[in-house]
Structures are given as C-alpha cells and as structure tokens.
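Peer 1: Chain residues, written in single-letter form:
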Amino acid sequence: MLYESPQTTEDAVELLSKSKGKVHVLAGGSDLLVRMKGGYIEPDVVIDIKRIKSMNTIKKTADGFLIGAAVSCARMADHQALCKAWPGVVEAASLIGSDQIQGRCTMAGNMCNASPAADSVPAMIAAEAWALVQGPRGERWVLVEKIAKAPGVTTLRKGEVVEAILLPPKYKKSGDAYLRFTPRTEMDIAVVSAAVNLTLGAKGVITDARVALGAVGPKAMLVKPAAKAIVGTTLDDAALAKLAAAAAAACDPIDDKRGTIQFRTKVAQVLAKRAAKIAYQRAGGK
Amino acid sequence: MNKETKFTERTFKSVGTRPVRPDGVDKVTGRARYGADYDMPGQLIGLMLRSPHAHATIKKIDTSAAEQLPGVKAVVTSKDLPDLTDGDTDLKCILENSMARKKAFYDGHAVAAVAAVDMPTAKAALKLINVEYKIHKHVTDVDKAADPKAPVLHKDCFTKGVEPAPVKPSNIAASSEFGHGDVGKGFDDADFVVERNFRTEQTHQGYIEPHACVASVSPDGSGELWVCTQGHFVFRQQCAQLLGMDMAKLRVTSSEIGGGFGGKTHLWLEPVALALSRKANLPVKLTMTREDVFRASGPTSATSIDIKIGIKNDGTITAGEATLRYTSGPWKGSWAMLGAMTAFACYDLENVKTTGLEILVNRPKTTAYRAPSAPMAAFAVESVIDELAGKIGRDPVAVRIQNAAKEGTQSSYGPVYGPIGIGPTLEAAAKHPHMSAPLGENQGRGMACGFWFNFGGQSCTHINIDIDGTVTLTVGTIDVGGARASLSLVVAEELGINYEQVKTVIGDTGNLGYNEMTDGSRGTFASSMSAIMSARKAIEELKQRAAMMWDVSVDEVSWEDGHARATGNSNLPPLSIAEIAAGAGKTGGPIAGHTELNADGAGVSFATHICDVEVDPETGLTRVIRYTVIQDAGKAVHPTYVEGQFQGGATQGIGWALNEEYIYGDDGRLQNPGFLDYRIPVCSDLPMIDTQILEIPNPNHPYGIRGVGETSIVPPLAAIANAVSNASGVRMTHVPMSPPRILAAIEEAETTTA
Amino acid sequence: MSVLVNSTINGDNVSFSCDADETLMDALRNRVGLKGVKEGCGTGDCGACSIRLDGALVCSCLVLGAEAEGRTVETVEGMSNGAELHVLQTKFLEHAALQCGICTPGFLIAAQTLLEKNPSPTETEIRYALAGNLCRCTGYDKIVRAVQDAAVVMKKGRKK
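Protein chains in written order, with this note's numbering: chain H, 248 to 533; chain X, 648 to 1401; chain U, 508 to 667.
Bound conformation, chain H alone (with noise of 0.2 Å):
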C-alpha cells in the first residue's frame, strides 16, 4: 500500500484520478481503518486529506458555514457561531462515537462512507447542506442526500473528492435538532434517527421545514411528506400525528442486528416528533 498527503486539492484529485488500483480517501479514518482492520478492503493507495489547508477550516460566509472536509466534528463542536445556527447538525456530528472518534471523524467521510445509519447526515439533509465536490473536471456542488447511492456506495465519480461542506446560513426564527435513537448512551451506531429542520412565521405558525429519516431505508432521506404534515401549523397535536404518520409511510427499514422493521418504523415516529418539538422549540416557537 502506498500512503499520500497531499498538500493541495489539485494534487489530491490528481492522485486520485492517476492512482492505480483500489485508492481510498483518509479524513478522519475513523471508517476507513476499522474496514482495513476487518479485511473487507486492501487498498492499494490511501490519500490522507488532513494536511490540505482548505479542507482544514471552518469559513463562515454570506453563503453560509463552509466545513473543510478534513475538519474533526470536535472542532465543529468548539465553533459557537456554527454551534448557535445549526445546533442539530452540530449535535449530529457529536454523536458520532466516543470523544477519541470525535477528534478524528469528519462530516464529509460520514456522508462519503454512505451507511444508512449514519448521523450526520440526515441532520445536513434537513439544513438542505450542500458538497462542494472537486474533480478532475472541476467542481461541482451536489446536495448531500444526493451523495449516498446505496449503502457504501456514493455517486461521486472516479477521481472526485469533497472538498468541504456547505451549510446555510441561519434564517431567522428557524431551528434543527437530531435525535437518534441507540440501545446505549453512547458508542452505537444509530438504529432509527430523524432531522427536522423548520421555519417560523408569524404567530409561531410553521412556514417551511424539512425532514429527513435516517437508519429506515438503504440511505438517509429526505421525507417531503412529512414537511408538508406540519408546514402551515403550530405542530399541534393532529399535525405531530400527521408527521408521525408520514415518517412511519416513508420508512422501509430491514430487519437486522440492531433492530427490527416493526421497532424502527414505530420509533422513526416518535423520534419525528420528539425532534420537531425541539426544532419549533428553537425557531422561538412555544
């Protein structure tokens, strides 16, 4: 195996488009590792982004918060800006496994890593977060549920890396959350989450959102009718029933290890539910 680290995206992308082989992107390694560990892959090269200084900030623009994607969910977590404007995604990021995988994970390869179960990126998915990809043919920006294809499987094509991570910026009277739910306080890997992301107008009625499921299907999802269940209320009773509703008819979970379809279908609702009251609770709502 040969290992590189690259100083640049050009040379990253490079590599990646003339490597020979099976090549594997390193951000934070907390994936890549345990799958060389196992001996489900043998690379022939591995392409450590960290030491490329634009994957390695955290920029807040007009545009929004841009999240290099070499940067640990640690140090999203020690940004108070991005932390106060999505506290959803950051708290998502958060979950991702114990403080010793938090200073190495990343948002990028958990959303490149394309499982199902991971946490953050139903959470971006509702923020409506976009990739910034760079390729050999230049850059392309793609939403994020667009990345997972499959389980392990992404679009991206040969020779494209992310380079970072686009989240908006904070619309006023809006908020996010992320709940997962996981038979441990800490350490497991989700068996059912949901993100819902909303906006307020007046008298506190919901004038947009968006949800997204995770763990019930082959990838994150977004879930526009459960949107449209609460868009137009103040997340009363009937539209917290409505939600629940829609999120249980998008679920198409399976059977596994860590769950059943009956147990994931049924707490995918509650977890809708529980994750917009903290969302509405955030954009002001009471």
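These are calculated hints, taken from the structure and not from any lab test. Wrong hints could be hidden among the right ones.
With a Cα cut of at most 20 Å, we get these calculated SDA-like pairs of lysine to any residue [to be verified]:
# : chain 1 : residue 1 : chain 2 : residue 2
1 : H       : Lys-504   : X       : Arg-846
2 : U       : Lys-624   : X       : Ser-1331
3 : H       : Lys-284   : U       : Lys-624
4 : H       : Lys-297   : U       : Thr-515
5 : H       : Lys-284   : X       : Leu-773
6 : X       : Lys-770   : H       : Glu-289
7 : H       : Lys-269   : U       : Asp-526
8 : X       : Lys-770   : H       : Val-281
Could you slot chains X and U onto chain H? The hints should help.
Peer 2: Showing chains X and U alone in chain H's frame:
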C-alpha cells in the same frame, strides 16, 4: 504450630484496611506486561485460519502454497496435533476445539495456522491455504437443537444420565437431576402456581484483553509459554498432555491478565502456538483479534428454562420445579447441571426438583462466565417469585425472607448449609434506604437474590523472609483484580508486620507445586489459607532462630507483633523479624515457610440486589437509575476490592439483562463479533453502584474469608426484569430485555387490554 | 511499503519506520516499544489504545503510523513527571479504579484530556467523556470517583 484452618474470632490490624495494591504503579504507568506485551527474541507471528461455516466436514486442506511462501516457517493443521488424549473426553474436546479435525463445528472454528516472519507474510500465507468443505445443516438455537428433528452434531452422542440410555443420537448430551420431596404434592398444596418459559441469550465475558501467548519449544523437548490465563498450572498440564511433552519441561508464566471472568480458564490458542513453535523451531507469538475473541472463545450458554413454582396465601413456597436447557457449544459441558444446582439454592423448600439438559449447538464452546449458569436460573426463579408475591399481595422481600434458606437447611442441590448470608442480605435490603426512596414517572423498582457455591481446591504457597526483614509471598493463583494486595494483607496480619513489608508475586510453574485456577472465587480464599499456613511455618522457624540467638528453649519464645519475645526472660529485648533474618546465615540458613493444601469448606455466598429503572414507554428504552448490591463477603480482606467485585459483577449483569447478546444469522454466522454491536455497558449508561458488605465469617477459614467474586452477577437479570415489570407493567421473559423486545411486549399488553 | 516517520513522542524526537498500512497503535507498540498502548479491539470501540495526537484524544488503532509524521504523540508512558505520578494516576490507585488494569492507560489519557478542557466536570460530563473507554471489571463507579477526586486536587494545585 496452629494448623487449624477453622475460623477463630480475632481483632485484625491489617486485614480490613484499604492500601494501594502492589502491582498498581506498573498498571498506571504502562509498565505492566499483559499477554500481548511480551516478545521473545527471534519470535515469529502466528495467525489462525478459521471456518466461515457453522457446520462442515473438512474434506481437504491444501497448505502447500502457504508453506512455499518466503518467510513462512510453519503451517499446522490438526495433523500436527495428534490425539494423545487417551480417553480423557474433556481433554479431547479441548483438542478438537483448538483445531478442527474432521468437522468444523462453528463459525470461527480454527482449521489451520501459520507462523511467519511478520504479520503481512502471515496474512498472505493464510490466503494461500485452500480448504475444501462439505457444508451441513446447522443449528444454533437452544430449543431447536433439542428438537428430535434437528441436525445432529455428533452421531455418537447419546444422552448421558437417563435410564434407559437412548438408542438414537441427539444434541442433548446429558441430563442431570437434583432435588428432594414431592413436587406434585407441593403444587397440590399451593394456592397459586405460576408456570413459564424463560429464555436468555448467549453472552461473552467481554474481557478487554484478547487472548495472547508466546510459545517456544526447543529441539530438546523443553518449552516455555507466556500467556494470559486464569490458571497457568492447569494450562501447563493440559498443553503438555496435548503436545506429548513432559510437564516438568514446559514452563508456563502467567502474564498480567486483562480480565478473564472465567473465559481464560480454557485453552484456545496455546496448544496451536506450541505446535507452531515446535514445527518452526522458533518462538511464536499468537494473539486473537477482538473478532476472534467473540467468534471463537468462551461465551456462556444460551438457555431456555421451564419453571413452575407454587405458593400458599400465607407466603410459603410449596414446591419449585425447573427444566433447564443450556447450550454448551459443540461438546458436552456441565453448564445445565450448574444451573439445575443453583436455581433454588436461596430457598428452604420442602419439595424441589430440577433437571438440567446440556444442549449441543453450532456455536463456540461454552466456557465459564462468572458464577457460570447461575444468573439464567436465578432470572427464571426470581422473576416467578416476584410474580407470586404479587398474586398473594405480599411484599416480595418479605416473601423471600419467609422462605430463605438458613443454617441447617437442606439445599436444593443436596448439602446442608452452615451459617449463610441469604437471610441477612434480605433483612439488610428491607432496611436499606434505597427500598423506600421515591420513584418518578415510568420508573420501577425491582430486587432479586443470587447464590454461588464458591470453590476451594489445591493451592501451594511459599514465603521467604528476606535478610532485611521484608517478606516475599509467592502464590500460584493469578491475580485478576487485586488479590496480591489481599494476600499481602493476610501475610502482614499473620506475621504481625506492616503491609508494605510484604511483596506478593505470582510464581511460574517452575516455582511452586500445582495450583488450581483462579476460578470459583477461590483465589483469595484458598491462597490466603495456604499463605496463613506458610506464614505460621515461617513464624515457627523465626522462633527457632530467635531461640538459638538467645540460647533459650524454643518453648520460651513467643511471637507477637512481628517480634520474637523471650517469655521467660524479660531482660532480653524482643527480636524483630529483620534482626532474626539478618542473622539467618549463622542460625541455619534461609528462613522460609511453605504450604501445600487442598482448601476445603469454601463458604457459599449469597447476595440481594435492588435496582430502579426508567422505561421509555414509546421506545422500550431502559435506563438503570439506581443500583444497590448487598452481599455476604465473609471477612472482607480489602473492602475496596470487595466493593469492586460487587460493582463489576452487577454491571456485567446489567449489560446481560439489557443489551448483550450473540446474534446469529440464518447462515449460522455470528453477526456482531465486536464491541460496536455486542453492547457492553459504557460509563454513561450507569449510575454509581452502591454496595453494602456483610461479613458473616466462613467457619472453614482461619480469618472467616469467603469467595466474593462471582455472586454479584447472579441477581441483576432478575432484579432488572422485576424493575421493568414494575415500571412498565410487562413481565419480560426473554433476556436481554432490549428496546425492541420491551416495546413489543408493551404493545402486546396494550392490544390485549384494549 | 515502508515509511519513515519522525514524531515527537512523549517529548522526545523519535524516528521509526513502519508499513504504510500499519496503525499508529501497532507502530507505537512494536516499533517504538510503548506497550502501555493497549489493543482491546483495533476498531475504535474500546479506547484501550487512547493517545493524544497533536493534543487531540484519539484511538491510535484508527490512525496510520504514517500520519504521525511531524506530529506530537502522548501516551501513558509520558504521563508522570519522572517518579512523580500524575494526580490522576495517584487517584486511580487510591480509589482502586482498576482491577485488571488493561483499560487503565486509555482511561488515564481520556481523563487527563477531559480535566484539561473542563477542570470541574459534573458526574454526567465525566461519564460521557469516558464513554469511549470500556472497562469490564469495575462498573466504572470507582473510575468516576477517582476522576472527581483528581479534579478537586488539580484545582487546588492550580490555585496555589
């Protein structure tokens, strides 16, 4: 000399204090050497090839390509471990488990191994080994395996212990029965009878240190083995037998051990490491990955238990009956037997009958796990007793107190009890502030009792009085969690010197006579008994030497507070241990004390646990919010480490009760061989674990010491099940009580009542 | 393929060579000889191999040895000041916060990182900060108490 091992009342000076352990600094500075931390010069790296199939005949193994790979120094298969077991069936199972012979019996069963100059070469070599399998139908579920239609693992397995002997082979390897009285009559006398089936899933000891060893066999037939083990003397004996070596020529050194809980009482890698070294003629280091540990080492049994208990309105339990099916992996064990013995051991019953059935399955070979087999049986019994208490409208603690075994009770497994702690732990629970603390919404409280036998057995210790008056105690029982501190305290007590003057070390197999394992909570009980005897012999010798120095008769010398005193002549100032030792060269040579004994009379152990849980009715998620352990420890030598045993066992029980389980796919492969999905409790899952130590002296130990290590894992399954029942209204009969199981039960209850 | 790595390990400049796909945990144990870095799982689930890399708490099993180039590494071997134990080491001993001790180096590094960031953590904060370190012996009770006690002593030390 006082050879009496019976308890005599005394006031302790050292025993009962809480000093820092002698091996502590090494463990907080990274110096302590565990199994994988030792290297021998020129050592090779070993790796195992494991079966991906749950049940398959090995038609052919071609190792030629691996052997030809540069850097590969040895490849072994079962051919390199010929059967030398000579009719010893237990040893034969160990051999077959170490390396599959005709058949691979579970996912992870070793089929070949290599030794190479480094890890990459060893990995490459494994890929070059070609194994041809014929796959058979497999069975992993306990009840399905017991079914007559199940695929049979061994064509020559006819249930032992039943008359007449069956003519058809099955997966029921053995049956054992215990009890007394007439249960039929007992049930007739009952006002209420509850009959249920309980299931528990297979769990792993979950020690953080994977198995590891370094083996070296020389051309002259002598060998060395460095290994993390709970019993290096046993390992030596079994390895020597399996490899055809002279026992005296195999020297086994126990490393520091990174947790065992029973799982390191068994050979896994070691015979293979020795075989590799013998073939390569170089030392070989062989370690397991975490995945290997889960797939191929010591889980406990999965169980299915049918239970029936009857009670009168006045609270008297009239009869208890149970049929207990325990998986033992692919070979016969005694796990169901232990379950059948322990199930009703807490109670004084007129009519009791238990039957234990050892069930063979395509899972790794069951090994001891802390009070092996008792937690599952207690889960069933203690759940039903709670339910019966509810039926007659009585407090569950009061019902247990009414029926508790006491001194003179004939136990459900036969012997008559001496002074025991079940009653006192229950009385303490009734009075404990935890019992009356307020509970919040969705919260419930449960309690349960537990029993463990405790063992004694063969022990051998040596005490050297060094010339500066410090003392070395050499023991042959390895230290799993502070025993060196406890044993140093005991020797300091007996010699009348300070704890700091005593250093306890674990000898290797060349230093001492045979010692049994550190298992059955015997380490401190048996080794302290032997150490006390060794100290008494050393005192006799010290008195002799003092008599020589003073030129008086030894009858005129007494031993007090670490000094020889001349009883007949007050003008002679007392001689300290250092003063006597300094002159040893002139009074007859080194001063030492040595004992070998078979420690009898390990006092049985009882505990009562109380716990509060909160159940989320919408998700089935359960959190333990308060937990109290009350246990009889006999004399607590080092109370902090006694508390540690209580807390650790309770926590393992909590993990078992709520989330830990082996999950097999339809293909017979283990789905969760890692700490990610085999969910042992993490720090944030738990509250503080409160403890209350009761000290009911064991009459069969000079200081009244009992084993304390195991009992604490017995009550939690039932205590939590009872708490969940009180919190959510559902009676859980399947452990672990994972959120999907609890939520399904809550929904079912809602449907039934709606 | 082998790579040559120059790092600062426990304050000393250290060079080691390791395979490109070798983890920092293996390199520290087998190339540098720091056996206090323990392997419990090799997949980041147990925390026994916890170290600090440029000050950040990480599982060294999830870092490649090659990544340590030019970075600082801190392990349990560098925790005491000569013969003077770190307060956490002393408190772990006093509280019997270890039984078998295999998880102890990882817990110490994690607790040290916590207390440097948050000198007065609540019990809950301690429990979550240590959730990445598995202990199978103690039930965590005495570990949490040792960290609480160490926090008190370290704060007093700072005031002096």
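Peer 1: Check whether the Cα positions of Lys-624/U and Ser-1331/X lie no farther apart than 20 Å.
Peer 2: 19 Å, holds
Peer 1: Within 20 Å, alpha carbon to alpha carbon, are Lys-297/H and Thr-515/U?
Peer 2: 19 Å, holds
Peer 1: Between Lys-284/H and Leu-773/X, does the CA-CA distance stay at or below 20 Å?
Peer 2: 15 Å, holds
Peer 1: Under the criterion that the straight-line Cα-Cα distance not exceed 20 Å, is the pair Lys-770/X, Val-281/H satisfied?
Peer 2: 17 Å, holds
Peer 1: Is the straight-line distance between the alpha-carbon of Lys-504/H and that of Arg-846/X 20 Å or less?
Peer 2: 18 Å, holds
Peer 1: With a cut-off of 20 Å on the C-alpha distance, tell me whether Lys-284/H and Lys-624/U pass.
Peer 2: This hinted pair is violated, its Cα atoms lying about 32 Å apart.
Peer 1: For the pair supplied as a hint, Lys-269/H and Asp-526/U, is the alpha-carbon distance within the 20 Å limit?
Peer 2: Given pair Lys-269/H, Asp-526/U holds - Cα atoms ~17 Å apart, limit 20 Å.
Peer 1: Quick one, are Lys-770/X and Glu-289/H close enough, alpha carbons at most 20 Å?
Peer 2: Holds, because 12 Å separates the two Cα atoms, which is no more than 20 Å.
Violated hints amount to a single one, hint 3; each of the other numbered hints is respected by the structure.
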